[in-house]
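Okay, here's what each chain looks like letter by letter:
Protein chains: 2
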Amino acid sequence: MFIGAQVSLYPMTSGFVDVITSSLGALDPYRSDLRIETDDVSTLMVGAPAPLIDGMRDLFAAAARQPEHVTMHVTLSRGCPGEPDDPSCRCDVLTEAQSLPLDERIARARQAVADAPVLGVGIDLQFSLYVLGQDRHMDEIYGCIEFLKDSGTFFRSKNFCTRLRGDAGATFEAVRQAFLRFGPAEGHVTIDLTASANSPSLS
Amino acid sequence: MFIGAQVSLYPMTSGFVDVITSSLGALDPYRSDLRIETDDVSTLMVGAPAPLIDGMRDLFAAAARQPEHVTMHVTLSRGCPGEPDDPSCRCDVLTEAQSLPLDERIARARQAVADAPVLGVGIDLQFSLYVLGQDRHMDEIYGCIEFLKDSGTFFRSKNFCTRLRGDAGATFEAVRQAFLRFGPAEGHVTIDLTASANSPSLS
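Chains A and B, in that order, give the protein sequences. Per my numbering, the very first residue in the first sequence carries number 1; after that it's consecutive. Per my numbering, the very first residue in the second sequence carries number 1; after that it's consecutive.
Keep in mind that the hints were calculated from the coordinates and are not lab data. Do not take every clue at face value.
The list cannot tell twin chains apart, which means a pair is met if one copy fits it or any two copies do.
Keeping only pairs whose Cα atoms sit at most 20 Å apart, straight-line, the calculated EDC-like set for lysine to aspartate or glutamate is [what the hints assert, rightly or not]:
no., residue 1, residue 2
1, K149, E104
2, K158, D28
3, K149, D103
Produce the entire structure from the sequences given, and follow the hints as far as they go.
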C-alpha cells in the first residue's frame, strides 16, 4: 500500500512566508515517520495515516492559531495503482476495515471522532471522498455521509463535497475515518480536502 | 448531466479581498450561462464546460495579472449520482466522446490545446483526474496522461497528480479536455485542481 498526500498551506497575508515557516515546526514530531518533499506548488507527505493526518492537522492548527485567514488544500490518496508498496504506510485500521460490515465501520468511525483530542482551534473543512475502480462506489460514499452526519462535525451538504465545522481534532479525525473505513481496504481511495480558518466572510 | 465546480481563489496578500473582488469582473461574460453561489469557503459554479472552464480560467488569469502570489483550487465534477439533470450543462463534446476510441479522443484533445487562445499569463497547474464507478478506470487515466505528456503543457509527473506549466489558455484547455474526453460520457468524473502564479519559490 502507498499512502500519502499533496499538501498546500495558503495564508491570506503579505507575510505568508512567515506564517508557513513558523507553522512548519508543528510537523517536527512526525518527520521521522513521514517522507516529505516540497516544491513550489505543494508538499508531498508519504506515510501511515496516523502520522500523516496528525501532521497535516497540527500544521493547519498552528497556522490557524495566528490571526490571519488561512486555508489548506490536501489531495489524499491510498492504493493508487502504479505507486510502489511502502512498508512505512502500513495501517491496521485498513486491514480491519476490510473484514467489517458497513454499519460496524460507521460505528467505529463515530467513536474515533468522539475520542479525538481537542486542539482548541475551530476550523471549517470541506472534502470529497472518491472510491475508485468499483461499480458500487456510491454505497461506500453514502455510508460515509451517514457517518459524517452523526459525527458531531457535520455542518452541511454542498454540491460535490461535505462541509464540516468544529475543533481541528474532531474534524481531521472525521476525515481520517472517512479515508480509512470506506472503500475497499486494498482499493484506490482519494480525498480532495479544503480547510479554512479565520475567514472574514464566515457564514 | 450535472456539471459544475467548487472554486476558491487564494491571493497570498493582506489585500486578498481586493484581489478577489477586482478579479471577479472576469466572470461577468459568463454569468448568464452559469449558476454561481458563494459561501465563505468556495464558490459553486454550475454550467456547461465551455463557460465553466473559460470562466475559471479568466478569473484566475485576472488574479495572476496582479503582482501577488495567487493560487486557485477547483473541485470539478460531472455526472455525480444524486445530482439532478441540468439542461444548462449540456455538452456536445461529451456526447461525441462516447462514440470515439481512446486514440481518437487523445488526438482531438491535443488539437483543442493547440487551438486554445493565448492569454499571455504563464501559470503552473497540477491536477488529478478521477473516473469513478468502473473497474477499468486506470485505462482512461493512462490515456489522459498520454494526451497530457504530448500536449505542450506537460511539466512533470508527481505523486497523485500531473503538473502542467504554460499559458493559462493552453493549460486550462488541457484540463477541460482531460475532464471531457476521458471516462464514460455518462459516467461520474471529477478533477482536483490547483493553479498557481507568481510564486516566490518557483522551481
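Consistency of the hints with the structure:
1. For the identical chains of this complex, K149 and E104 are intra-copy neighbours only, at 16 Å inside a copy versus 44 Å across copies, given an alpha-carbon limit of 20 Å.
2. Taking the shortest alpha-carbon separations for K158 and D28, neither the intra-copy value of 35 Å nor the inter-copy value of 24 Å comes in at or below 20 Å.
3. With identical chains, the CA atoms of K149 and D103 are at most 20 Å apart within one copy only, with a shortest distance of 14 Å there and 43 Å across copies.
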